[in-house]
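*Asks:* First to last, the sequence lines map onto chains Y and A.
Number 238 in my numbering belongs to position 238 of the first sequence; there are no gaps in the numbering.
Number 52 in my numbering belongs to position 52 of the second sequence; there are no gaps in the numbering.
One or more hints might be untrue.
Unchecked claim - Output of the computed footprint for chain A on chain Y, the stretches with three or more beta carbons under 8 Å from beta carbons of chain A: (1) 136-147; (2) 287-301.
Stated by the list, open to error - Residues from chain Y that keep clear of chain A, each with C-beta distances beyond 12 Å, as calculated: (3) Thr23; (4) Thr27; (5) His109; (6) Thr185; (7) Thr198; (8) Cys241; (9) Glu254.
Treat the hints as calculated values from the structure; they're not laboratory data.
Remember, it's a predicted structure, so these values are computed and weren't measured experimentally.
Note that the Cβ used here is the ideal one computed from N, Cα and C, for glycine as well.
Number of protein chains: 2
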Amino acid sequence: MGFPDSVTVVEVGPRDGFQRETTFIPTEIKIEIINALFNTGIGQMEVTSFISPKAIPQMADASEVVSAIERRREGLRLIALVPNPKGAENAVRSEVDEIRIFVSASESHNLSNVNRSIEESLMGFQEVMRIVAGHEVAVNADIAVAFGCPFEGNVPSEQVRWIAGQLLALGAEGITVCDTTGMATPPIVRRVCECLLTAYPELDLGLHFHNTRGIGLVNIYEALNLGLTTFESSIAGLGGCPFAPGATGNVCTEDLVYLLHELGIQTGIDLRALIKVAKRMEEVIGRPLPGQLMKAGLRLDLHPFNKEVRK
Amino acid sequence: MGFPDSVTVVEVGPRDGFQRETTFIPTEIKIEIINALFNTGIGQMEVTSFISPKAIPQMADASEVVSAIERRREGLRLIALVPNPKGAENAVRSEVDEIRIFVSASESHNLSNVNRSIEESLMGFQEVMRIVAGHEVAVNADIAVAFGCPFEGNVPSEQVRWIAGQLLALGAEGITVCDTTGMATPPIVRRVCECLLTAYPELDLGLHFHNTRGIGLVNIYEALNLGLTTFESSIAGLGGCPFAPGATGNVCTEDLVYLLHELGIQTGIDLRALIKVAKRMEEVIGRPLPGQLMKAGLRLDLHPFNKEVRK
Numbered sequence: 001m002g003f004p005d006s007v008t009v010v011e012v013g014p015r016d017g018f019q020r021e022t023t024f025i026p027t028e029i030k031i032e033i034i035n036a037l038f039n040t041g042i043g044q045m046e047v048t049s050f051i052s053p054k055a056i057p058q059m060a061d062a063s064e065v066v067s068a069i070e071r072r073r074e075g076l077r078l079i080a081l082v083p084n085p086k087g088a089e090n091a092v093r094s095e096v097d098e099i100r101i102f103v104s105a106s107e108s109h110n111l112s113n114v115n116r117s118i119e120e121s122l123m124g125f126q127e128v129m130r131i132v133a134g135h136e137v138a139v140n141a142d143i144a145v146a147f148g149c150p151f152e153g154n155v156p157s158e159q160v161r162w163i164a165g166q167l168l169a170l171g172a173e174g175i176t177v178c179d180t181t182g183m184a185t186p187p188i189v190r191r192v193c194e195c196l197l198t199a200y201p202e203l204d205l206g207l208h209f210h211n212t213r214g215i216g217l218v219n220i221y222e223a224l225n226l227g228l229t230t231f232e233s234s235i236a237g238l239g240g241c242p243f244a245p246g247a248t249g250n251v252c253t254e255d256l257v258y259l260l261h262e263l264g265i266q267t268g269i270d271l272r273a274l275i276k277v278a279k280r281m282e283e284v285i286g287r288p289l290p291g292q293l294m295k296a297g298l299r300l301d302l303h304p305f306n307k308e309v310r311k
Numbered sequence: 001m002g003f004p005d006s007v008t009v010v011e012v013g014p015r016d017g018f019q020r021e022t023t024f025i026p027t028e029i030k031i032e033i034i035n036a037l038f039n040t041g042i043g044q045m046e047v048t049s050f051i052s053p054k055a056i057p058q059m060a061d062a063s064e065v066v067s068a069i070e071r072r073r074e075g076l077r078l079i080a081l082v083p084n085p086k087g088a089e090n091a092v093r094s095e096v097d098e099i100r101i102f103v104s105a106s107e108s109h110n111l112s113n114v115n116r117s118i119e120e121s122l123m124g125f126q127e128v129m130r131i132v133a134g135h136e137v138a139v140n141a142d143i144a145v146a147f148g149c150p151f152e153g154n155v156p157s158e159q160v161r162w163i164a165g166q167l168l169a170l171g172a173e174g175i176t177v178c179d180t181t182g183m184a185t186p187p188i189v190r191r192v193c194e195c196l197l198t199a200y201p202e203l204d205l206g207l208h209f210h211n212t213r214g215i216g217l218v219n220i221y222e223a224l225n226l227g228l229t230t231f232e233s234s235i236a237g238l239g240g241c242p243f244a245p246g247a248t249g250n251v252c253t254e255d256l257v258y259l260l261h262e263l264g265i266q267t268g269i270d271l272r273a274l275i276k277v278a279k280r281m282e283e284v285i286g287r288p289l290p291g292q293l294m295k296a297g298l299r300l301d302l303h304p305f306n307k308e309v310r311k
């Protein structure tokens, strides 16, 4: 098996997970969870979104959250999602290291998501890049529904490649392709990634999978076989699917890290500490979350053998 | 990707799933579910266990269930689990096509499970084989905890191979290695399967994985890459883990079939019909079950695009 030696796990729970929670999570709880996550060894995290509080009240405390995050290690990367120039202005005033812009691979999803055409979104990013210019902040871009669109179905790889090219031309340093509604399968993962990497062999390519149809980790396994090394996931599997009430959303971070470690792939993350944060997250959210490992425990945490069983 | 063209999915929900339910499921409901499952195109199913009603009251209606199953197609294979000679006597009087004997790969688990040493279990199977002799019923064998034991941890592949050899010598026609508590990982799957197939290249080898730690389908994906073609799973993911309350048990049949079909592997199973049975199972059991696909729907079952979204 030709797996990479190490992988970067990008935690997205505090943004993608919290964002879907309708009850406001107190700012100090958000900060507690984010600090605990960084303390497990996670190096990159989407910590918030600089979006209108009217659109997503949950993210109204974005600046406050970012400023309270402890940077106990060198090189931590705080990432904030930014939907528009206004968000970019707020983000550059904060202390984030990376802003993340996003556009969908299908017109219908982009329209549904941000009420703009893909072209209009790309135009808007020019303004974002002007705002960011001169600030010490990286810009990366997400391509949503890159593995399938809930309105249009299959999305041509060439469309994803074209959008990636536009984003790179605008100045995005890296691209993350997102399986927003869990439509990716191993053959689609291979097709999209090979198309992108053939066009842009040096591309800093991240992958964001959902477990909506149960195969999120299989898709990651396929991507590992392709040599990819950056994966986004959410602690405890927090985050749902907007198109299927009750369905699972993001791949679960601790389940992913468990798989990676079992494959001999380094992450720099303390899995036991991660499980503790997952349990804390479940406590904070107040309902069972999809993560499996936190329920079952580590593989080699053995059970006592009751010799009395033989009567 | 060198996947097999077709795969046999062996449904185990009516045995492995029902068995763990403490509330008795009415016999007519069991029969309804089993018939519905066979009607989706499933060809092989563990339909019950001929075990003492004192040990597992849920299986007290084993004979009644088996005799009521409709055989609408040629070649359906009704499988019953049999723990001892008494169970074998009852099984051969029924109309099952295969009886399944079982032994653990670790002494502690075998002792815990059936209160016997592995040697004593193997001795008992000699008596089972004498009872079966002359009857038109196949005998296959399960090896439990073949990928790891909750009491002993890692299980040497050579131990699994030795037990497989003993079972084959006794007359078992095929062997299924079982990940009873979800300890398998892709490298362990590879190690155990390669060890068995090196020793017995013609072995009829089935695999039974659990999703206890979230990677059940990844293990199957690895096994597909090894060319294996027989997998056991449970409709809706019914069935828990005896060592981790709240944890998931068996891999979910419809999620597995979805993955297989998306890989271009044939199963002969109607996935939409399977999802209907999964939903019915959830209704019968009366609590949410782990299956993902039944909540999210098929990948290309698209959502209506609301053009009015753009105001």
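*Asks:* Are all C-beta atoms of chain A more than 12 Å from that of Cys241(Y)?
*Replies:* violated, 7 Å
*Asks:* For the region 287-301 of chain Y, does the count of residues with a C-beta closer than 8 Å to a C-beta of chain A reach 3?
*Replies:* holds (count 9)
*Asks:* Against chain A, does Thr23(Y) hold up as non-interface, every C-beta pair farther apart than 12 Å?
*Replies:* For Thr23(Y), whose nearest Cβ neighbour in chain A is about 21 Å away, the distance exceeds 12 Å, so it holds.
*Asks:* Would you say the region 136-147 of chain Y counts as covered by chain A, given the rule of at least 3 residues with C-beta under 8 Å?
*Replies:* violated (count 0)
*Asks:* So is His109(Y) really clear of chain A, every C-beta pair being over 12 Å apart?
*Replies:* About 9 Å separates His109(Y) from the closest Cβ of chain A, which leaves it inside 12 Å; violated.
*Asks:* Looking at Thr198(Y) again, its CB stays over 12 Å from all of chain A?
*Replies:* Check passes; 18 Å lies beyond 12 Å.
*Asks:* Would you say Thr27(Y) is clear of chain A, with no C-beta pair closer than or equal to 12 Å?
*Replies:* holds, 31 Å
*Asks:* In terms of Cβ atoms, is chain A entirely out of 12 Å range of Glu254(Y)?
*Replies:* violated, 9 Å
*Asks:* Confirm or reject: Thr185(Y) is not an interface residue toward chain A, with every Cβ-Cβ distance exceeding 12 Å.
*Replies:* violated, 4 Å
In summary, the numbered hints that this structure violates are 1, 5, 6, 8 and 9.
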